[in-house]
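A.B. asks: The chain contents come next:
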Amino acid sequence: DQQVKQNSPSLSVQEGRISILNCDYTNSMFDYFLWYKKYPAEGPTFLISISSIKDKNEDGRFTVFLNKSAKHLSLHIVPSQPGDSAVYFCAASDPTGSGTYKYIFGTGTRLKVLA
Amino acid sequence: EPEVTQTPSHQVTQMGQEVILRCVPISNHLYFYWYRQILGQKVEFLVSFYNNEISEKSEIFDDQFSVERPDGSNFTLKIRSTKLEDSAMYFCASCFEGHYNEQFFGPGTRLTVL
Chain G
2 DQQVKQNSPS LSVQEGRISI LNCDYTNSMF DYFLWYKKYP AEGPTFLISI
52 SSIKDKNEDG RFTVFLNKSA KHLSLHIVPS QPGDSAVYFC AASDPTGSGT
102 YKYIFGTGTR LKVLA
Chain P
669 EPEVTQTPSH QVTQMGQEVI LRCVPISNHL YFYWYRQILG QKVEFLVSFY
719 NNEISEKSEI FDDQFSVERP DGSNFTLKIR STKLEDSAMY FCASCFEGHY
769 NEQFFGPGTR LTVL
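Heads up: the sequence lines are chains G and P, in that order. If you count the first sequence from 1, position 46 lands on 47 in our numbering, and the numbers rise without skipping. If you count the second sequence from 1, position 68 lands on 736 in our numbering, and the numbers rise without skipping.
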């Protein structure tokens, strides 16, 4: 049961261009979404988040867009830099259960930024 | 900058043995989590812990698993009798509150069960 899906396992982008990573979810109860970046042999590192009351959140080169009706979010990185090469995970904070808001992760997209 | 730490970085064990994975969450954080990532798969929630008790656990977190906060700083995950399929990266995470604050993840412990 994949509640959070990242359909592109990998993406290659030229340095300086825009990287667009996509994520779809199925559970309309999710109301908070996050993007994490992960380098090999390290834990996931928080990148940016968005609440469902917004449709866009921007932080420097990173912008996350949320389309609630389509249950879709995307992460835009512009301009892309070689140091952005990593695996990017989309996560939804699940408000059901006990209230400790576990994260439901997607399978990740490996971004490679070519110099 | 405060960070979540985990030890050991790599643990190799024989099937059927007990292992304890250790985590030191960020001080002043109140919520603690364990996640795991089997090689090539997504990161999966195992258990959340708040106020010295388990708040929620996934179906993966069966009777072979237990968590403990033995003192004010450590948070441990014990697997009583390891199986081959327990081989994975185990990530500890912590945050101030459960929702509108991001969880901070540790670097992970790679568990290899032979």
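Worth flagging that the hints you see were computed from the coordinates, not collected in a lab. Every residue gets a Cβ at the ideal spot worked out from N, C-alpha and C, and that includes glycine. Treat the hints with caution; some may be incorrect.
Each computed DSBU-like pair below joins lysine-lysine, with the alpha-carbon atoms no more than 35 angstroms apart [said to hold, decoys possible]: (1) K38/G / K113/G; (2) K725/P / K57/G; (3) K57/G / K69/G; (4) K6/G / K710/P; (5) K751/P / K57/G; (6) K725/P / K710/P; (7) K751/P / K6/G; (8) K69/G / K710/P; (9) K113/G / K6/G; (10) K710/P / K38/G; (11) K725/P / K72/G; (12) K38/G / K751/P; (13) K725/P / K69/G; (14) K55/G / K746/P; (15) K38/G / K57/G; (16) K725/P / K38/G; (17) K710/P / K57/G; (18) K57/G / K6/G; (19) K72/G / K710/P; (20) K113/G / K710/P; (21) K55/G / K725/P; (22) K6/G / K746/P.
Residues from chain G shown here face chain P by an in silico Cβ test under 7 angstroms; the list is partial [as the list claims (entries may be wrong)]: (23) G44; (24) N58; (25) D60.
Cβ-Cβ distance ranges computed for the label pairs, FRET-style [unchecked claim]: (26) R690/P / M30/G: 27 to 37 angstroms; (27) Q82/G / L782/P: 36 to 46 angstroms; (28) G17/G / K751/P: 43 to 53 angstroms; (29) V680/P / A71/G: 37 to 47 angstroms; (30) V79/G / R690/P: 32 to 42 angstroms; (31) T675/P / T46/G: 16 to 26 angstroms; (32) Q82/G / S749/P: 28 to 38 angstroms.
A.B. asks: Confirm or reject each hint.
C.D. replies: Okay, the hints, checked on the actual structure:
no., hint, result
1, K38/G / K113/G, "12 angstroms, holds"
2, K725/P / K57/G, "32 angstroms, holds"
3, K57/G / K69/G, "11 angstroms, holds"
4, K6/G / K710/P, "10 angstroms, holds"
5, K751/P / K57/G, "44 angstroms, violated"
6, K725/P / K710/P, "17 angstroms, holds"
7, K751/P / K6/G, "28 angstroms, holds"
8, K69/G / K710/P, "23 angstroms, holds"
9, K113/G / K6/G, "20 angstroms, holds"
10, K710/P / K38/G, "13 angstroms, holds"
11, K725/P / K72/G, "26 angstroms, holds"
12, K38/G / K751/P, "29 angstroms, holds"
13, K725/P / K69/G, "28 angstroms, holds"
14, K55/G / K746/P, "40 angstroms, violated"
15, K38/G / K57/G, "19 angstroms, holds"
16, K725/P / K38/G, "25 angstroms, holds"
17, K710/P / K57/G, "25 angstroms, holds"
18, K57/G / K6/G, "20 angstroms, holds"
19, K72/G / K710/P, "20 angstroms, holds"
20, K113/G / K710/P, "19 angstroms, holds"
21, K55/G / K725/P, "30 angstroms, holds"
22, K6/G / K746/P, "30 angstroms, holds"
23, G44, "4 angstroms, holds"
24, N58, "12 angstroms, violated"
25, D60, "12 angstroms, violated"
26, R690/P / M30/G: 27 to 37 angstroms, "34 angstroms, holds"
27, Q82/G / L782/P: 36 to 46 angstroms, "40 angstroms, holds"
28, G17/G / K751/P: 43 to 53 angstroms, "48 angstroms, holds"
29, V680/P / A71/G: 37 to 47 angstroms, "45 angstroms, holds"
30, V79/G / R690/P: 32 to 42 angstroms, "40 angstroms, holds"
31, T675/P / T46/G: 16 to 26 angstroms, "19 angstroms, holds"
32, Q82/G / S749/P: 28 to 38 angstroms, "46 angstroms, violated"
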